[in-house]
Amino acid sequence: MRRQLPALVSLGVVALMLCILPFVISDYDVYLVSKVGIFFVAILGLNILTGYTGQISIGHGAFMAVGGYTSAILSRDHHTNLVLTMVIAFGVCFVAGILFGLPALRLSGVYLALATFALAISVPQLPLKWNGYLGGSVGVPSSETKSNVWLYGAAWATSAVLLLVAWLILRGRIGRAFRSVRDSEIAATASGVEIGVYKTLAFGISAAYCGIAGALLVMASNGFAQPQVFSVPLSLTLLIGAAVAGLGSLWGILAGAALVGLLPEISTSVPYIGQEHGKDVVYGLIVILVMLVLPGGLAGLLARLRFLGRG
Amino acid sequence: MSVLLELEDVEARYGPVHVLHGVSLAVEEGAIVAVLGPNGAGKTTTLRAVSGTVRRSGRIAFDGKALGRTGPDGAARLGIAHVPEGRGTFSELTVSENLRLGAYTRRGSIKADVERVMTYFPALAERLRQQAGTLSGGEQQMLALARAFMQRPKLLLLDEPSLGLAPLLVAEIFRIVRELNEKEGLSVLLVEQNAHLALQAAQTGYVLEAGKIVLSGTSDELRADNSIQASYLGY
Amino acid sequence: MLLLAAAIFLLVGSLASAKFASFTVLGVAGGMIYGSLALALVLIYRATHVINFAQGELAMLTTFLAWQLSQWGLSYWEMFFATLAIAFVLGTVLQVAVIRPVQHRSVVATVIVTIGLFILIDGIVSWRWGGGFQVLPSPFGFTTYHVGGVPIQRKDIGVVLVVLASLGAVSALFRFTKLGLAMRAAALRPAAAALAGVRVDVMLAIGWGLAAVLGAVAGLMAEPSQFLEPTFMQPVLVYAFAAAALGGLESPIGAIVGGLAIGVFQTLIVGYVPEISSELQLPFAFLVLLGILLIKPSGLFGRREVQRV
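Protein chains in written order, with this note's numbering: chain A, 128 to 438; chain B, 736 to 970; chain C, 16 to 324.
Just so you know, the hints here were simulated from the structure itself, not pulled from any lab data. Please note: incorrect hints may appear among the correct ones.
Cut-off 27 angstroms, straight-line C-alpha distance, at most; resulting in silico cross-link-like pairs (DSS-like, lysine-lysine) [said to hold, decoys possible]:
#	chain 1	residue 1	chain 2	residue 2
1	B	Lys918	B	Lys846
2	B	Lys846	B	Lys800
3	C	Lys193	C	Lys34
4	C	Lys193	B	Lys846
5	C	Lys34	B	Lys889
6	B	Lys800	B	Lys889
These figures come from a predicted structure and were not determined experimentally.
The task is simple: from the sequences and hints, build the whole structure.
Have a look at this one:
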């Protein structure tokens, strides 16, 4: 307990700061920090799959889409309470993650990367086909929108709850099983760990986290679930966040979330290119330039951060 | 006889691990020079330092010019042919393609060169269309030599040619090396665990231990030396 | 074995039904396009073990550039070859500027960079040409031949011929030229190739250039019959993934054959099941990819990776 004390204290300080923050910063900044919270949840989940279980995914934006659309559709058609939609999105995406994880058991490495990338570009196309029910390119409007402060509270409360859940899951047998899969599948099987079960579980959990984050993201987008919000840039964002988070240090995840949550906002209004496509151009450019310029890339930069939860 | 290759206080490292701690040696034109020593002494690294395959510092002069930061492809263009441990042949390519690759740095027609090579390595002549990976160990070593020779180099760096080969084949390989040296004037820097064979082929030798030269001299001198006899010649 | 059975199936089906036969021909043409892009992927993967996620978007970019050239008055074939040249330059420049600095680092770094490239190209093309009404001119015309009662479009024959020609050229380059030999050597064993005097990094850049050319051919031949849209290469990319995977990611022949197989299969299914309209192309492609990856993770032509314990 004594060794964990400094970590807990830092955590407490951060929590306290988060509680005070909305009262001292502007409304727009509240929105921004809410987005950081949303990405925190998503990257926390993705990290369980990539950092802990060692499976790659370039497609978790698809699960955020499923969660987001679930929430929006429930809200539009049944006026479901938004928090309830979040919980349902969590469940739906857990199932979706398992459904994808089962066939994905046979894939690994580059093949898994291919499959998840294809998932990332395919899923956002689905609303365009069923543009009645799924809203097409206009999107699905939720029946209510919430204030930025509400969003802030929801995002960070969810973060806190899901962080606790993750901690509980990972500290026990399941966490050890995940890590053994990451470190050596052969050794894991030899010790009796059923790899299939745990890989699929990791997919399910990470998808669920991303799903609930997706629901929150929809709420952050004025309640609209739109295909372009969930396309390739989002999946790349999650990947970058997970890369920064590395093997799962809590501060890494937080830093990753901060980085990716704030980044797209910086590039929204680009002179000359205009807002709509400027975003993509700048985003792509920034990502590439950063990877080129930073020695060791983003992951190297934060490899030195070793506070809480070192695995 | 002028000096073709000269190493002066050369250090080399793999990342943070320093393997060579100031090696100085020289190869005269037309000579065969042997580098002896126990495992891990840095013999292979010495050759790699010359061809630029490993990070090095210190002075290396080849054919009168300092090598500076030249990498392996640059060294090849200057006339250095390195036959590494493990031979460096391309198992997925045919024998003929391996030879053509050897001549990569040459301009103009290589037909004459191929014929010349075939006289030295008749065993390869019948296997031109075969995949190099299907050759026997001895044939692969010959292919490695042949490929290096296609470069028409001035200096041949030969790393452990006897490794994994039966004595008869080894004798054959060394015979060919000596022939190339005498007839074509090819200078050779030879790394070899089998001190006996090495000193037979070479005129001069160096003994490397833990990254430093501890002894040098003509082969006769080295053969007569007591410590060499004990450690490497098994007397 | 499987291929023989498939070939027989197609032959029998084509003889039985004219519709089947015309779909098969259409599928072959489409398959050549997938194969071309798949070959580009394999080329790069073989040499560097990197998947260029932006390969499709790069092809899309060169196709838009081709349109622009045609707008500036070039005839079709002038535009075609100019585009190939531009693609080559683009490919090599990208490798040198963007990939080379990161490829020695982690795999993730390269993945991030290629996906970043994907997004960047998408953004640039959408900004410059998005929402416009571009149609790429077709050099083959719209005549339909009737062979034994089977309608065969001249366009499809043209596609097959053009792709075959480009594949032939690339193949000849690799098999018969000194440069091709050097490139193969650099891909197989970079260290040994360097000792023979090959500049491995230059070979890699040229490899990317060639891959871009193959992609450009795929893009130009994909010639969407409607307006040129920035997303038109995305389903092609997914099918190309599948085709490349069928060849174990390292076999050029596997990629081509895989492409043909997928092209025919896809055309037949879409032809007989009209519910799979153009909007579902991408998700359908995904399912095809998933299916193929599940059936044969190491590909039809690839080798099983044996893991050392």
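- Query: Of the numbered hints stated previously, which ones are contradicted by the structure, given in increasing order?
  - Reply: 2, 3 and 5
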